[in-house]
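Following the hints, complete the assembly by docking chain B onto the known chain A.
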Amino acid sequence: DVKVTQSSRYLVKRTGEKVFLECVQDMDHENMFWYRQDPGLGLRLIYFSYDVKMKEKGDIPEGYSVSREKKERFSLILESASTNQTSMYLCASSRQGLAKNIQYFGAGTRLSVL
Amino acid sequence: LAKTTQPISMDSYEGQEVNITCSHNNIATNDYITWYQQFPSQGPRFIIQGYKTKVTNEVASLFIPADRKSSTLSLPRVSLSDTAVYYCLVGLSYNTDKLIFGTGTRLQVFP
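Chains A and B are the protein sequences, given in the same order. Heads up: the first sequence begins at 184 in our numbering, then just goes up one per residue. Heads up: the second sequence begins at 2 in our numbering, then just goes up one per residue.
The shape of chain B in the complex, shown without the other chains:
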């Protein structure tokens, strides 16, 4: 099972771009990479998912290098409301294998 490693915490200021990297050295061929955001007293919320290269949606971008051993979640121009814990999830989408959440990165955005 692919295990993930993320920084425990990061600080940023409003308006800056934030990049959170997740390491998953033993990712399997069929594994997808998924990121979630969690606010206090709420369940996690899906942000973005990708397999390789770059994926972008209205919230974030996900960069995955060719070897897929890491991935970077990029949040453009963060605001105070982006203060949350961000989880990287690596797992196989096709069967019932277990999915593993990382320990999460606590992002604090300052004014």
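Extracted from the complex, chain A is given alone in its bound form:
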């Protein structure tokens, strides 16, 4: 089974802190994604990566950055956390090509910024 592991289920941070959310997948997938999920807004894509060191902005990249130094790991970085970044963050991975839409998700990290 494909496994996508997010480093924390729950995280509480202070405004202005630098926050790292880590995601690791074990299926050698080329694509990795970061989403945030808020009530009434569904899933919104923050960033995605289709290869090591490659990244593309999603719909809501402002206030976030990402890092992909190894194929299996995709990190989401909040340079200076703000209260409006309190949300559920979901990481996903998929293969290239026709299977790109078949994304495997982690369990999510619920981040609270106080």
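Note that these hints are calculated values from the structure, not bench results. No experiment lies behind these values; they were computed from the predicted model shown. The beta carbon of each residue, even a glycine, is placed where N, CA and C say it ideally should be. Any given hint might turn out to be false.
Unchecked claim - Label pairs and their calculated CB-CB ranges:
id	chain 1	residue 1	chain 2	residue 2	range
1	A	Ser295	B	Ser82	25 to 33 Å
2	A	Arg192	B	Lys70	36 to 44 Å
3	A	Thr269	B	Ser10	18 to 26 Å
4	A	Glu245	B	Arg78	38 to 46 Å
5	A	Lys236	B	Pro66	37 to 45 Å
6	B	Glu15	A	Glu252	44 to 52 Å
7	A	Glu200	B	Met11	20 to 28 Å
8	A	Asp242	B	Met11	40 to 48 Å
9	A	Gly199	B	Asn58	27 to 35 Å
10	A	Ile243	B	Pro8	35 to 43 Å
11	B	Ala67	A	Leu297	49 to 57 Å
12	A	Arg227	B	Ser82	32 to 40 Å
13	A	Arg227	B	Phe40	17 to 25 Å
As the list claims (entries may be wrong) - Here chain A is said to cover these stretches of chain B; the calculated rule only asks that three of the stretch's residues, wherever they fall, bring their Cβ under 8 Å from a Cβ of chain A:
id	region
14	14 to 24
15	44 to 50
Unchecked claim - Dumping the calculated DSBU-like pairs for lysine-lysine here, alpha-carbon to alpha-carbon at most 30 Å:
id	chain 1	residue 1	chain 2	residue 2
16	A	Lys238	B	Lys4
17	A	Lys240	B	Lys70
18	A	Lys238	A	Lys254
19	A	Lys240	B	Lys55
20	A	Lys201	A	Lys238
Okay, now just chain B, sitting in the frame of chain A:
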């Protein structure tokens, strides 16, 4: 980018067939249609994907009319454990274009 529209919520009873329709009027020629299921406190889980006509797997069926401007996810004989949010996703599989999730349909199954 193809945008999707789904009903916000649906109710059903155990044993009934449930059909959830997704509207995607500006779907592109190469776009595929994918459906996901999400339980509370979990990430979404892939259910089914199709391009045209009908696709069936052990979990669900996906019906896509000839004009592909909509699609219907059909869940046969739902149970309480099918209570979840269902997302319709339309996007191009070949390049790195952005994929868009719909807002989801919250299905509540009653005993």
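Status of the hints after comparison with the structure:
Between A:Ser295 and B:Ser82, the C-beta spacing of about 29 Å keeps the proposed range 25 to 33 Å intact. Roughly 39 Å separates the CB atoms of A:Arg192 and B:Lys70, a value that falls within the hinted 36 to 44 Å. A:Thr269 and B:Ser10 have their C-beta atoms about 25 Å apart, which keeps the hinted 18 to 26 Å range intact. Between A:Glu245 and B:Arg78 the beta carbon distance is about 45 Å. The supplied range of 38 to 46 Å therefore holds.
In this structure the hint that A:Lys236 and B:Pro66 lie 37 to 45 Å apart at CB holds, the actual value being about 42 Å. In this structure the supplied range 44 to 52 Å holds for B:Glu15 paired with A:Glu252, their Cβ-Cβ distance being about 49 Å. At about 41 Å, the beta-carbon gap between A:Glu200 and B:Met11 misses the expected band of 20 to 28 Å. In this structure, A:Asp242 and B:Met11 break the distance hint of 40 to 48 Å, their C-beta atoms being roughly 26 Å apart.
The given range of 27 to 35 Å is broken by A:Gly199 and B:Asn58, whose C-beta atoms sit roughly 48 Å from each other. A:Ile243 and B:Pro8 have their C-beta atoms about 25 Å apart, which leaves the hinted 35 to 43 Å range violated. Evaluation of the 49 to 57 Å hint for B:Ala67 and A:Leu297 yields a pass: the beta carbon distance comes to about 53 Å. Distance hint check: the CB atoms of A:Arg227 and B:Ser82 are about 27 Å apart, inconsistent with the given range 32 to 40 Å.
Between A:Arg227 and B:Phe40 the beta carbon distance is about 19 Å. The supplied range of 17 to 25 Å therefore holds. With 0 residues bearing a CB less than 8 Å from a CB of chain A, the region 14 to 24 of chain B misses the requirement of three and the coverage assertion fails. Proximity of the region 44 to 50 of chain B to chain A, defined as three or more residues with a beta carbon under 8 Å from a beta carbon of that chain, is established by the 5 residues found. Simply put, A:Lys238 and B:Lys4 have alpha-carbon atoms about 23 Å apart, close enough for the 30 Å limit, and the pair holds.
Between A:Lys240 and B:Lys70 the alpha-carbon distance is near 27 Å, which keeps this suggested pair within the 30 Å criterion. Between the alpha carbons of A:Lys238 and A:Lys254 the distance comes to roughly 12 Å, so the proposed pair stays at or under 30 Å and holds. With a CA separation close to 33 Å, the supplied pair A:Lys240 and B:Lys55 exceeds the 30 Å bound. Taking the CA atoms of A:Lys201 and A:Lys238, the gap is near 20 Å; set against the 30 Å cutoff, the hint holds.
Checked against the numbered hints above, the structure breaks hints 7, 8, 9, 10, 12, 14 and 19 and satisfies the rest.
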